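Trainee: Each chain, written out:
Protein chains: 2
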Amino acid sequence: MKDFQYIDIANRIESMINNDTYPLGEKLPSLRVLSGHFGVSVGTSLKAYGLLIDKGLLSSREKSGYVPLRKSTAHTAQPVATTAAPAIREINVSRIISKMPVDAGPYPPGFLSFFNASLETHMIPFNAVRRSLQKASRDLTGAHLQYESTLGNQLLREQIARLSFYWNGSLSANEILVTNGTLEALSLCLRAVTQPGDTVVVESPCYYGILQCLEQLQLKVIELPCDPQEGIDTGQLEDIIDTYDIAACLFISNFNNPNGVLLSDEKKKWIAEMARKRQLPVIEDDVYGELYFGPARPTTIKTYDKHGWVMLCASFSKTVASGYRIGWSAPGRFLEKVAQLKATTNVATATVLQLSLADLLTSGTYQRHLRKLRPLLHKQVLLTSQHIEQYFPSGIKISQPEGGIVLWVELPKQVDALKLQKLALEQDINIAPGPLFSSTGGYRNYIRISCNKQWNRQVEQAIRKLGKLVGTF
Amino acid sequence: MKDFQYIDIANRIESMINNDTYPLGEKLPSLRVLSGHFGVSVGTSLKAYGLLIDKGLLSSREKSGYVPLRKSTAHTAQPVATTAAPAIREINVSRIISKMPVDAGPYPPGFLSFFNASLETHMIPFNAVRRSLQKASRDLTGAHLQYESTLGNQLLREQIARLSFYWNGSLSANEILVTNGTLEALSLCLRAVTQPGDTVVVESPCYYGILQCLEQLQLKVIELPCDPQEGIDTGQLEDIIDTYDIAACLFISNFNNPNGVLLSDEKKKWIAEMARKRQLPVIEDDVYGELYFGPARPTTIKTYDKHGWVMLCASFSKTVASGYRIGWSAPGRFLEKVAQLKATTNVATATVLQLSLADLLTSGTYQRHLRKLRPLLHKQVLLTSQHIEQYFPSGIKISQPEGGIVLWVELPKQVDALKLQKLALEQDINIAPGPLFSSTGGYRNYIRISCNKQWNRQVEQAIRKLGKLVGTF
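Going line by line, the protein sequences match chains A and B.
Just so we're aligned: 213 in full-length UniProt numbering is position 213 of the first sequence, and the numbers increase by one with no gaps anywhere.
Just so we're aligned: 70 in full-length UniProt numbering is position 70 of the second sequence, and the numbers increase by one with no gaps anywhere.
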């Protein structure tokens with residue numbers, strides 16, 4: 001753990017800058033003072049300040065020492081949710097996507113895609129994954145090449161259960177079913193509790209992958225506006241449940257994709273209570289929960305679920321490797337039904353990759369990797385945000401996520417994000433246009449920017465080009 | 001290829017025994033004569049006769065030389081299909097299965113399960129799989145840990161396309177989509193061409209996994225009786241399509257599970273033609289096609305499909321390793337829709353295992369393995385059949401599959417297969433009872449026996465115990 005002490009110290013200083021204990025423009029304690037205060041070496045203090053410089057929060061000049069430049073919290077306004085009144089809607093995101101140039105890669109040299117919210121290679125614990133895979137292939141037995149249990153590999157399920165400790169949960173291995181990624185977990189949970197034609201409540205804006213999944217399952221949605229600070233309005237949610245026949249809710253509780261909203265513990269608790277009282281299944285997508293920038297892992301709605309109405313879904317796609325396609329669900333009282341659907345859809349998930357992941361978790365490599373990944377992601381999110389502010393026309397709004405990989409940007413009213421995407425593609429840049437994230441036809445002037453790039457001059461130039469294009473509308 | 005010459009010679013002699021060129025009880029050519037005739041070493045001839053002895057087809061006694069004991073073709077009668085008139089039925093197989101003791105393993109020592117039609121460890125090319133996996137993990141790049149293309153890994157798709165040569169097909173890589181096993185391929189194809197409530201024509205008896213998949217997709221079935229020699233009656237199929245509103249057909253064309261029927265080329269051609277004329281999607285499950293006992297790979301319905309109405313599905317679960325969960329589909333004109341469903345269900349299949357399989361195919365290991373696997377399976381099927389004949393009461397009927405892993409046994413009318421299963425379980429033996437294979441309530445006195453066990457005294461004893469139990473009814 002000592003290796004990561006500098007990250008903890010940087011986090012402490014960052015919050016002290018954010019709450020004005022260290023005002024912007026005024027000198028921070030010297031390396032020597034800092035080291036004395038925390039009882040660490042000068043080298044560790046140097047690394048802590050270095051991390052904050054990397055994030056664009058400090059300047060360091062000869063003689064003047066370390067000076068806070070900006071806060072990592074709010075300075076531009078944050079984008080607001082759609083004002084479209086919640087109503088039952090058919091989803092047509094597939095139509096929008098089918099008209100869109102596919103963003104599949106591999107890209108030509110020089111092409112920069114801010115489209116996908118997945119980890120790029122420099123954020124993947126590549127050598128550790130390879131070692132664990134080699135270990136799994138060395139330790140392979142004949143049994144590993146037979147059908148795995150539908151619920152998944154026991155070693156991996158035990159490790160996943162232990163992770164619940166960090167979000168104040170207490171899952172046991174036998175509550176968990178391993179899936180081919182989060183999307184399969186969501187899809188199985190949806191199939192378990194809905195029928196085609198049913199209505200599901202989601203947040204607005206809503207990740208287009210979820211909308212597409214709902215669309216293919218022939219479900220309808222009610223999109224609940226999601227305030228950038230507060231998240232969904234529980235009163236409004238209650239009204240909707242009173243008014244309409246709702247089959248399920250599906251929420252990204254931590255660092256919602258695209259707008260980054262983190263639901264408060266109070267709201268999570270309220271939702272879990274509501275689910276029980278109304279006997280209404282709540283599907284929770286916690287795929288970004290491990291990618292927090294603050295000091296502690298956020299809780300989940302499942303944390304407060306005592307009666308099995310919350311169906312938690314997550315994966316290792318945003319933390320280890322999307323190409324592993326390993327996710328999981330803890331679907332509470334619906335476990336048997338979800339397992340039946342899994343068994344009749346693809347029997348079970350492949351064993352070998354589960355073994356490799358179980359090894360990464362058991363050895364502690366997973367947690368060590370995350371300790372490095374989180375500040376790296378935070379840095380990329382902050383630098384991207386700072387440069388959008390610098391290069392985009394004034395009046396735009398940018399989300400301030402406390403975790404995750406993406407920024408949600410509200411552009412001036414006259415900007416058409418779908419047109420902006422076309423113009424950007426001509427300059428070898430891609431972005432995710434707002435209309436993907438709703439079935440209301442809203443978010444016409446919004447874009448989602450993925451911060452999965454190693455920050456460099458080329459990325460900065462691409463943000464500048466985007467800013468110029470926004471200015472042409 | 002020279003290593004496998006003895007298998008070809010054994011196949012030749014086997015057909016000559018079957019067609020009475022070498023009558024039962026009369027001496028076969030000596031090793032020296034055989035070697036001279038085929039231009040091979042005496043050692044190779046010895047191995048050829050040895051294989052036929054292993055299959056229980058020859059006896060070898062001092063002085064009397066090698067003598068044909070029995071034919072590998074028909075001597076007991078074969079089980080007939082249900083006589084229930086074809087009609088639209090709701091499926092309730094899940095209910096039967098839910099009341100059944102789960103057959104998931106691992107089994108206590110001494111337990112013998114004839115339930116699952118999957119390869120046991122001794123039939124898996126374990127060392128080759130491990131080597132290919134180690135190679136894949138050595139050659140791993142960062143890109144392999146990103147999302148794979150929804151269609152699947154390009155190397156593997158090229159190799160799968162090349163396999164079509166053996167069944168007189170001409171698939172190209174871009175017609176193929178990689179899935180998590182055959183069941184996922186079938187499930188995606190079904191979702192692509194049906195709506196809940198639609199009716200699908202299947203063979204009777206029908207693999208319970210397919211019935212469960214249809215059930216979970218809320219589809220209904222018409223079960224078409226499948227003659228043990230002739231397979232489905234195309235006239236009857238035409239009548240059904242004229243009479244009912246059919247959304248799709250789903251057939252196991254080669255070595256149908258459970259009754260082993262191999263559709264003739266004429267019928268395959270007729271079905272492909274019918275699909276085109278009627279614009280009716282035909283989903284073809286060819287998961288057993290590679291496991292032929294005769295001299296040549298059988299064709300598929302897809303072989304005769306010129307207009308993309310046939311959706312071919314298969315996997316490597318019955319040839320390499322079920323635990324890899326790698327299957328594929330060539331869904332013809334429905335490729336785009338199937339890919340959309342795959343993308344919104346679990347995005348893509350994991351890359352690493354696809355690389356490992358591509359390596360097994362490219363290196364020729366896959367074909368070499370199959371050349372050894374086929375006679376091994378044939379031996380197990382023949383020995384199991386011979387011992388069922390020996391130990392079961394007279395009057396039973398046994399299928400004579402020309403490929404695959406299972407036997408379908410019709411027991412005397414008074415035997416209740418579900419009760420038989422319970423009695424067998426008390427003696428640490430499991431079997432698949434007939435009622436699983438239909439939604440008609442038929443096949444009450446049928447069982448499916450998997451021949452995936454390495455033949456030994458313990459297996460023989462289990463067959464004997466089963467025979468005794470059958471006699472108690």
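Honestly, the hints are just simulated from the structure, not real lab data.
Treat the numbers as computed from the prediction; the structure is a model and nothing was measured.
A hint or two may mislead.
Which copy is meant is left open, because identical chains are indistinguishable; a pair holds if it fits in one copy or across any two.
What the hints assert, rightly or not - Once the Cα atoms are required to be at most 27 Å apart in a straight line, the calculated BS3-like pairs of lysine-lysine come out as: (1) 468 <-> 27; (2) 99 <-> 337; (3) 397 <-> 267; (4) 465 <-> 269; (5) 220 <-> 337; (6) 220 <-> 422; (7) 99 <-> 468; (8) 397 <-> 306; (9) 267 <-> 220.
Trainee: Work down the list of hints and note, for each, if the structure agrees.
Mentor: Consistency of the hints with the structure:
no., hint, result
1, 468 <-> 27, "neither (35 Å within a copy, 91 Å between copies)"
2, 99 <-> 337, "between (36 Å within a copy, 15 Å between copies)"
3, 397 <-> 267, "within (25 Å within a copy, 65 Å between copies)"
4, 465 <-> 269, "neither (44 Å within a copy, 58 Å between copies)"
5, 220 <-> 337, "both (22 Å within a copy, 20 Å between copies)"
6, 220 <-> 422, "neither (29 Å within a copy, 45 Å between copies)"
7, 99 <-> 468, "within (25 Å within a copy, 66 Å between copies)"
8, 397 <-> 306, "neither (39 Å within a copy, 55 Å between copies)"
9, 267 <-> 220, "within (24 Å within a copy, 43 Å between copies)"
The earlier numbered hints that this structure contradicts are 1, 4, 6, 8.
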